[in-house]
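Engineer: Here are the chains, one letter per residue:
Protein chains: 2
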Amino acid sequence: MTIAIVGGTGPEGSGLALRFARSGEAVIIGSRDAQRAAESAAELNKQVDGGTGVPAGAISGAENRAACESAEIVILTVPFAAHAETLKHIKPALRPGQILVDTTVPLAASIGGRATRTLGVWQGSAAEEAAELVPDGVTAVAAFHNTSAEVLQGDSPVDCDVIVCSDDKEAAKRVRNLARKIPGVRTLDGGKLENARIVEQITALLIGFNIRHKGHSGLRITGLPPTAYEL
Amino acid sequence: MTIAIVGGTGPEGSGLALRFARSGEAVIIGSRDAQRAAESAAELNKQVDGGTGVPAGAISGAENRAACESAEIVILTVPFAAHAETLKHIKPALRPGQILVDTTVPLAASIGGRATRTLGVWQGSAAEEAAELVPDGVTAVAAFHNTSAEVLQGDSPVDCDVIVCSDDKEAAKRVRNLARKIPGVRTLDGGKLENARIVEQITALLIGFNIRHKGHSGLRITGLPPTAYEL
Chain S
6 MTIAIVGGTG
16 PEGSGLALRF
26 ARSGEAVIIG
36 SRDAQRAAES
46 AAELNKQVDG
56 GTGVPAGAIS
66 GAENRAACES
76 AEIVILTVPF
86 AAHAETLKHI
96 KPALRPGQIL
106 VDTTVPLAAS
116 IGGRATRTLG
126 VWQGSAAEEA
136 AELVPDGVTA
146 VAAFHNTSAE
156 VLQGDSPVDC
166 DVIVCSDDKE
176 AAKRVRNLAR
186 KIPGVRTLDG
196 GKLENARIVE
206 QITALLIGFN
216 IRHKGHSGLR
226 ITGLPPTAYE
236 L
Chain G
6 MTIAIVGGTG
16 PEGSGLALRF
26 ARSGEAVIIG
36 SRDAQRAAES
46 AAELNKQVDG
56 GTGVPAGAIS
66 GAENRAACES
76 AEIVILTVPF
86 AAHAETLKHI
96 KPALRPGQIL
106 VDTTVPLAAS
116 IGGRATRTLG
126 VWQGSAAEEA
136 AELVPDGVTA
146 VAAFHNTSAE
156 VLQGDSPVDC
166 DVIVCSDDKE
176 AAKRVRNLAR
186 KIPGVRTLDG
196 GKLENARIVE
206 QITALLIGFN
216 IRHKGHSGLR
226 ITGLPPTAYE
236 L
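Chain order of the listed sequences is S and G.
According to our numbering, the first sequence is numbered sequentially starting from 6.
According to our numbering, the second sequence is numbered sequentially starting from 6.
Don't read these hints as lab results, they were simulated from the structure.
For each residue, glycine too, the CB sits at the ideal point set by N, CA and C.
Keep in mind that a hint or two might mislead.
Claimed, not checked - Computed, partial: chain G to chain S, Cβ under 8 Å:
1) Asn50
2) Gln52
3) Ser115
4) Ser153
5) Arg217
6) Gly220
Isolated chain S, as found in the complex (with noise of 0.2 Å):
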């Protein structure tokens, strides 16, 4: 499988990046400067073994647009301040049966406001914009809003429930198929895309909550049975 990150150059995106390598998928880092996103790559190639001795995927980089054109899934990992012109960018680029996976939260630190504050999106969330942008065919998936960047591009497990919300059952699926791969996820099934309105919100308590106490914090749901956790 080939994996477009979007953006992937920034510390979200990277650490995603790192850890579906070492899961021996192929990805390719996007980013608005192909030169840029090509050095990303190099540096995340030399990360990638993180003592795991897997066999990994490599990693490699393009200009945005041109790393969606050979992935299944395309993963968003920008700043909400460049999310509808970026999807606007990528979209000649897109086609029917690709999933787009968006983890953008709309943070009021995009706009010169605060981390732990949030925009109101017209839609609903960054996800249901997304949806509105991509073309017939392409669906969307929300994931990844809570997993800590930082712990990401570690070495470290990650000890955080990767909520997936989609209205396309299968494309969840995937998605949280793909979360699994990285250690010490677990993944649950969020319903709908309008429920990433709260799971994107989740995330500026959780950055509150760093910032008071200087730590990477996620969330585990607990009381549900091991059912819950299972494709």
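Given the coordinates of chain S, assemble chain G onto it according to the supplied hints.
Structural biologist: Below, chain G without anything else, positioned relative to chain S:
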């Protein structure tokens, strides 16, 4: 300490009453109907021991407004449809120095919609609405949104972190101190009262998990130092 639980005959209020009585606090169950409050209190008193062997506080019952008169902490556990009306009703009994703990989630179910969706509240959250409706000198604190009523009503430890939001740090500490008395509960400083917007919404997400998986979900925050849970 005396704790009044307004709307305390409901599942969340009964569960909190039971847990606080077990930790030795005096609890007054409030209801619109004094007779119903008394019956509920009598029923709960039978369950207080819960195998703990600890000398338990007594649970009594009173009409909602009367329940507030002698309490240091008033906990509001009414459905959102009764939220503003109940606050206006108890207002004459509230006095400076009291803490009003709002546990209310503005679920769409309160006006015939889904329990997995929330309503927009003009002030931002039910807790901020409560802050507007209490007399000067009464401090609003948001807490206990994510603790399952069914789990609270049982005898097992509560596998959930209680996120406490308030603009008054001392009041937040008092409520965290109370919440910590529930076995299993850890508490976190959720920051300002405005953050109740997020903590309230999380409940709708948890209800979705409960529906899909027949569980009684809660949440734990990960990745923070142990000091984050200390007072």
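Engineer: If a hint holds in the structure, say so; if it doesn't, say that too.
Structural biologist: Okay, the hints, checked on the actual structure:
no. : hint   : in the structure
1   : Asn50  : violated, 27 Å
2   : Gln52  : violated, 21 Å
3   : Ser115 : violated, 17 Å
4   : Ser153 : holds, 6 Å
5   : Arg217 : holds, 6 Å
6   : Gly220 : holds, 4 Å
Going down the numbered hints, you'll see the structure goes against 1, 2, 3, while the others check out.
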